[in-house]
Structure formats: structure tokens, C-alpha cells
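Work out the full structure: start from the sequences and follow the hints.
Protein chains in written order, with our numbering: chain A, 1 to 303; chain B, 1 to 268; chain C, 1 to 376.
Listed next, the in silico DSSO-like pairs over lysine-lysine satisfying Cα-Cα at most 27 Å (straight line): (1) A/155 with B/38; (2) B/105 with A/293; (3) B/56 with A/146; (4) B/38 with B/227; (5) A/146 with B/38; (6) A/146 with B/227; (7) A/293 with B/98; (8) B/47 with A/146; (9) C/196 with C/250.
Beyond 10 Å from chain B on every Cβ pair, some chain C residues (computed): (10) 242; (11) 265; (12) 330; (13) 336; (14) 354; (15) 359.
If you're looking for bench data, these hints aren't it; they were derived computationally from the structure. C-beta atoms are modelled at their ideal positions from N, C-alpha and C, and glycine is treated no differently.
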Amino acid sequence: MSAITSSATSSAQATGERAAGPAIPVGLRAASPVILLLVLGFLAPLVTVAAYAFATPKSFDVFRSFTLANFAAIVEPSNTVWTSFVWSLCFALATTVLLAIIAYPIAYGLNRMFGKWAGLVSVLFVFPLFVSENVRLYGWVLFFIKNGVMDGALKWLGFSGGPEVLYTPGATLFGMLYVYLPFMLFPMSLGLAMVPRDLVDAARDLGAGRLMIWREIELPLAMPGILIGMLLTFVLGAGAIAESKILGGQSVITIAQDIEIAFTYAQNWPLGSALALLLVVIVSGLALFMLSKLDLDRILGRR
Amino acid sequence: METRSQIHARTFVKVWTGFVVFALYLPILCGALAGLSKGRYFGFPIKVFSTEWWGKTIASLEIQTLVQNSLLIAFIVTLVSVFFAFFGALAFARYDWKGRRLFQKAILLPVFFPQPVLGLALLLWFNAIGINPSWQTAVIAHLVWIVPVVTLVIAIQVYSFDPTLEEAARDLGASRWFILKEITLPILWPGIWSGALFAFLLSWGNFPLSLYTAGVDSTIPKWLYSKMVAGYSPMVPALGTMSTLSAATLLLAGGLVIMILRRRQRDL
Amino acid sequence: MGIAMISPAVNDTETDGEAAARPKALPVLQLVDVRKVFGDFAAVDGINVDIREGEFVTIVGPSGSGKTTLLRMLAGMEAPTSGYITLRGTLINDVPADKRPTCLVFQSLALFPHKTVGENIEFPLKVREVPAAERKRRALEFMRMVRLPDHYYAKNVMRCSGGEKQRVALARAFAYDPDVLFFDEPLSALDYKLKKVLEKELKDLHRESGKTFVYITHSLEEAMVMSDRVGVMSRGRLVQIGTPEEIYTKPATRFVAEFFGEVNSFPVRRTADGGWTQADGGPIVVAPAGDDIGEAATVIVRPETMRFVTGPSSADNLISGRIYNEYSLGSRMLYQVHAGERIYLVEVARAAAGGLVAGDTVTIGWDARDAILVGD
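Okay, here's the thing in C-alpha cells:
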């Protein structure tokens, strides 16, 4: 009964004068610019990628040839491409797990402890998103590099200098943790905000201990937000490239970098497309699966 | 009324948050230091501070072009994305229509997508249909992921908008346009401003999409990257710091405007 | 007010003689077989009613009875699936809300949160491009009418109390100068005391303004206090419409009778001699005859028409039982009395109760004239 429809649609059902016009719902009309953008700027490129993935290797014969050679090349053991896949997915997974642990206390603090400071702390975590990641990662290079901030400071204090951490797989992982922290933190915080205080108080009143409250009340109710954070982190982590290039010194080649090489230097669009398609299938499959389980109205609108 | 363990937990959370915030800003600080040190090569502790590299950066014609490119892209992206996202947000959160649930999920996909891969896919697509990558294609690439983000930002405001206000205004004789001008827009202003701020800053700082889709045109993050790979120049941290400071200034100014808007809505 | 539609499907019932004698009695709103169907669910299922000029009509019904849908159709926010709604003889089925000379006071009040009290009231005047000075003068007039002090003109509407917000909403509706005002239970969120005050004020305002009010609520009590006529809705239909007196003393169905609160009800059967007997064969109930009622019916006895009797009594019906529990209603007491398998409710003045408590054995009496016979 309280269905929110514009008065135009609701009266259109009975009005001859209006029913004559095109019966496009207002919602669809409002969504159409965005839908157009998504079709032309997101769906079309993905379709192109999919089409190229089945074209003859090292050619531009899209739609004119069909072959699985590109996929065969990926799984071929002599080729090292598949190791990039493994590295990327492992790093993404590690980033997700570690960030969940790193971000949880902060998300908890934002919701329960910081009070009027929560807004300011949030801004502090948002702001780095507006500084391009290569600038921020480069700051870490200046920190870790020989004679850099850490090394120099240690020497100045009389130590023999800092350890060599730059240009290792560890540095890549560190860079990913650094870059993707906000993507874990904010959905997680949104999730924790969905846990009514009353429930926690009620559970305590009923004699539940802290661990029990956390396991039985807070965690399950905050789960949608936490899952979004983990999904976002994993997906972005799987496509990471700047971290390994700037901090990792290419000690690890990520899958995104392999795609880049195929698209640019190697001019092997079909191979790059096949790689991209595989990544997209993994990433989108996961994203669609998890998004289909979530009620966005509830998470964003708290209704 | 706090138990000992609660105090411990509180202290831990505060210390941990402080530590992470420090780590978040440490590299930005390192960059600022490097940009302000005299000499061609960076070493710590810094021996002589100077604004020499700032001066050189500001004077560079090449960099002026970059700034113009970045500004132009960010402006267009802001205008277009706010327009798209305003209506997108209404479709997302306000109207009840058949495809709404699907739309809500579809719009999230570009956000839940690795940007380098998106940039490369767009590059392939532009090439396939014969468009030469330039700053204009970079605008489109930025829009593909900024419009969804801005839509979400505005949608959150739309959720708190009571649709009966529009009905009441209509019942009192107001036309669609009058309602939009007098009721809907004024109430959604804070959300729209937040969205615009997000759009500008995200476009300003975007690196992966610009890298692959801007063609021969360069933006600040793209240029910085090319210099980083090529070797060290103090202009890199200097320009990086300037870019960061501009973003911070804009965030502060924009945040202030939004705060005033919200306050005025509350207090009148 | 720009109603473009012509061709009234229903003829004006106005006849010259009557119109001259009772100008107030003209129907301003007529509903003929109005239906609203959502999918395969009929929210409003054939409503026929005439609402007269200057009348205060309240539609009561439980949630889901279709009263809100009905009101939204009257206000122009939904179009009926079938049937006719006419305003002063003009078909308005498809006239949108902004083109109707009617105004709805929403349950949420729908005050514009970014505008002051004055700006809210001036809104309909601003729509009509009334000059600012004139707007302010009229807004202040309306504020005085609803008893809001002048200095509230520049006050943030969200800083007003619940009662003040009601008045702002009312003033805004009056500023639109509608022919008919609709109310979607605007008092439901207020506390009891304030509600009572505003109910009276609303009725006064109705008298002073001479406008037609159509009010919906789920509270029959609210309806009784304010209205000239009360309509009771159930499952999309108007079960009964009449004066508060008629609704109380002659409820058409058990549903209407029970809407006032819990009642004592007895299923009865018609006997061969035209009298009535309880369906389960219990003690004989003496009830007034009802000709239009079938073989099976229900006798309703309100708790307040039952009494406790001691010694010989003139009561037509007597039942012995034991008090199970007592409830204080302030000046009156409500008793739950168990007699055999049945439970009776008896409401008496506190003084008349004589300090009865749970466990006491009592005799309940009631008169045949207080029994209401209704069809099922």
C-alpha cells in the first residue's frame, strides 16, 4: 500500500490520456544515463575482451576466428603466466585476511569508542584515497630505500642501517595492505553500525560474556559489511599492479602486469584478453555471488 | 562503570588506530620531506632544506600542461558524474521500479573491479572501435567507476529523504519543476555536494585508469609514474606533495561547505 | 482550481427545494462503486458514499482495511481501478493531486524540514506566486487561526514540538484553501493528553472554517469525539456509516460492535416462536427482535451495560460466576468473571463495585434492551 511510485505512473494506469505515452517507469528513466554509461563503458569493453580472448594469437582478427589457443598458452607448464595468477590470487587472499584483522579494531573504535571524534578519524582514513596510489607507494620507497628515512634514521641513531625490504615479494604485500586498507575499513564500519546497541546490551544483560557477544551477536549482524569489505579487498587485490611495480621491484609479476604486457609491449591482444577474461570470470563470479546475497537497501539505507 | 579489561580494550583500539593513521601518512610525509630537500639525490636526515625543487616544478611548462589536463578531466568528470549520479541515486534509492534490485547490483560492479584491468579493457575497446586514446577517453574511463561511487554517496542521502514530502508539495499544487527546485534539491544538497567532492578528488588522484586510457595526454599521477620508473628526480615528490596538498585543501573547503549546508538545514 | 474534466457520471442529487432549505447538505464528494486493485488484491472493494458540504466524516478501520488507499484516491495520489469519484459533480478520478482543490494532512505531516514554520505555511501561496509581503500577512493569519504565536514564523519547523508541528501542518493545509481537507491519522504519534486537546481543537477549527473534513484513523474513540458521521471499514468495504450515536447503539455487525473494545458476545439461534436462544443451549438470552436478521446471529452486550446484582433483581438476564481478575480504569472498574466455560466482562463505576476482588462470587445482570442483535 505504501509502495512509492510517482504519481505519474500510478495515475497512468487509469488515465487514457497518459497511457497513450510511453509507459517507461520513472525509475528506469532516472537510471537510464547510468545504464547507458555502464553498457558503453563497462559491458562493451568486457564483451570486446571476451571476443578477443578467442581470436588467433598475436592477431587482431576479432570475430573472424575462433580458437582456444590463448587459453592453452596460459595453462601450458612451460609458460610462466599461470604463476602470476597464483601469485595474484594468493596475495589478494593474504591481503584480505590480514586487513580484516588490521581493520576490525579500528572499525569497532569508529562505531563504539571514538564518539564525536569518529567523523574526524574517518576523514583521516578517507583522505589517502584521493592521493594517487603511486605517490603514496613512492613515499614508502623513500622510506625504505638505502639512505632513505628508515635507513638514515637508524644510522643517525648509531645502528648499522636498516634491513633490505624494498623490492621483495613482502614489500609488494605490504604495499597492498597499505593501499587497500580503506576499502576494508569502511564497509566493515558500515556493517558494525548495523548492530543495534540494544542487542549487545540485552545479550550482556542475559549473562553473555564478551567473546560470546562478539561471536553470537556482533559478528553475524555485522557480517554483510565485513563480507563487502573482504570482497572489495580481494577483487582489487587480484588486479593489483602498482604495488609490485613500485615497491616490489617486479620481484613478483602480478596477473594485471601480464595483461598489461600483452596489451602493450607484446601487442598480443588475444592472449591479454584471455588472461583478462579469466581474471574477470573469477572476480565477477565472486562479486556477483556475494552481491546476490546482500540487501543493499538495508546496508545503505538502514531501513 | 568500566571494567579493567574494557579499559585495556579501549586503550588498545586507540593506540592501534593511532599507529595505523601514522603509517597511513608516513609515506606522504616522506614525500614532502624529499621534495623540500636541496640536492639532486635524496638522503636522510636531510642536510639542507630548500624550495628549489618546488620552484622548478611550478615553473615547468610541461607540468603546467599536466595540471591543466588533470583539472580539465576532473571538472568534466565532476559535472557529468553528479548529473548522472543524481538521477542514478533516485533510481537506486527513491523510486520503486521493476529493475531496481538488478540496477543496484549492476552499478556496483565497476567498483568491485580491478581498475588496471578496467583501464586495459577500455583501451582495447577504444582501439577496437577506432578511437584514439586521449584525455577525452580518460574522462569516459574515469566516469565508468566514479559515477557508481558518486551514485552511492548521493543514494545514502536519498535514503533519508521522506518521499511524502514530494507528495505533500504536489498536493499543495506545486509542479514537478517547482518541487525539484523547492523541496528535493535543497534537501539533497549536502549529498550532492559530497558526491561532487568525491568525484573531483577521485578523478584528480586517479592513476590506473589514466595510465591506460589517456593516450599521449598525461595527467599528474601518470607523469609522476613515468618519472618514478625512469629514475629519481626531486620534482616527483615535490609535485606529488603539491597534488596532495591541493586535494587536502579542496577536501577541507568542500567539507566546510557541506558542514555549513547541513547545519543550515538543521538550524536555519 | 482548474478541473478540466467534465461529464459527471453521477447526477447532482441537488433538488431546488432541498438545496434552499439545507445548503449544507449538498454532497461535495460522491463515491460510486470505487475500487482499487493491486495485483489480485482489492484494497478498496466497492465503496459508495456521499460526503456533504461542511461535514466532518471519519473513516475508521484496522490497518489493512483499505482506508489509507481510499484516502489516497480521494486526495489524487492513486487512481481508482474502477468506479467514480466526483467533486461537486465533476468527475475527478484522474485529476492529479496538484490539480485538485483538496489537501491531505499526512500521517508523518510531511513538513518541509529545510523551511521555517512561516515558509512551510506559505508554500502553497508561493506556488501561486503570491507576493512575499502578502504571503507573510496571510501566513500569520493562519498561524493565529491554529493558535501558533507570531514569533514562530521564523522558527525551524524541526525544532517544534509534536503538537506545534500538527498546527503547522494544519495551517499549511488551510493556506491552500482547499474545498475538502483529508487527514491520514495525523494524531496517531502523539501522547494521549495532547491528542485529546488537539482532537477538540480540530473539531473547533472545523466548525469555525466551515470546510469539509474527511479523517481516517484506526481509533474509533478519536472518530466518535470529532465526527458528524463515522464510517467503519473492513477488508476494503464500508461496513457501516452513520452518526457516532448510531454506530455505538446500533452496530450493523459484530465487527463494528467489537471495534469499541472487547464486548460480551453470544451466538444465538432463532426459536420457533420468533424468540432467540443461545446456540450452545445455555441460559436463555432475552433480546429485542430483529426482522432483517437470519436464523443465526450474535447478541452483543457491552461490558458497561452489565452490572452486579445482589438480592432480587429486575434484570432480564442473570448469570452467577466468580471474579477472576479486576482491572482499574480510573473512575471505573473492569472485571473478568468466569462462569462455567464462559468469560464475561463487566464494567462498573468504581463506587458501584463495592470493593469486589478476585475470588468473590458474584451475580451478573443485564437488560434485554441493552442487548444488540447483529447478523454474522
